[in-house]
Amino acid sequence: MPASRLPSPAFDAKICPPADFAVRCQRLPQPLVFSNGCFDILHRGHVTYLDQARALGAALVVALNTDASVRRLGKGEDRPLNALADRLAVVAALASVDLVTWFDEDTPLARIVEARPAILVKGGDWALEAIVGAAEVQGWGGAVRSIPFEFERSTTALVERIRGSHQ
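All residue numbers for the sequence shown refer to the working numbering, where the first residue is 1 and numbers rise by one.
Check before you lean on any hint, since a few could be wrong.
What the hints assert, rightly or not - Here are the in silico distance ranges between beta carbons for each label pair: (1) I15 to G141: 27 to 33 angstroms; (2) D106 to E129: 30 to 36 angstroms; (3) R72 to V113: 17 to 23 angstroms; (4) D106 to D78: 18 to 24 angstroms.
Hints in this document: simulated from the structure, not taken from any laboratory.
These numbers were taken from a predicted model, which means no experiment stands behind them.
By construction, the Cβ of each residue, glycine as well, lies at the ideal position given by its N, Cα and C atoms.
Given the sequences, and given the hints that come with them, work out the whole structure.
Here it is as structure tokens:
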């Protein structure tokens, strides 16, 4: 079969534009878990974290920073290394992820409010009181969790290591 006729990968259906996000979240099994991040170069720390997040509920939704949003985080002028469409596809392909969307704002607060998750999670480098959306989720009776790192991995450290080996 010619490549132009191959069906889209099944995980494409898990990529959701922000305009449809609230409705799609309502259709997912509950309790719903929400997380967010850049997920620029997916590594063991990311997949372990997302698997642990998913285990906290019946479905996991993930919101990714747009390319412009990543650049505003100050991770470097050339970040993200992978464009949003590629990052969305890679995260959507994970079995632990039920739905993936994006946000262009500096924080994912709008997506959190739209999803109304029962559980909001971030990685262990986030103190509970610093997690954006924590007050809102707790306000409707939800929980907020900071999942400790099981593997000390960082995209920034990985990029620095790769660049150092080519100098």
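Hints, one by one, checked against the model:
no., hint, result
1, I15 to G141: 27 to 33 angstroms, "holds, 29 angstroms"
2, D106 to E129: 30 to 36 angstroms, "violated, 18 angstroms"
3, R72 to V113: 17 to 23 angstroms, "holds, 21 angstroms"
4, D106 to D78: 18 to 24 angstroms, "holds, 20 angstroms"
Of the numbered hints stated above, the single one contradicted by the structure is hint 2.
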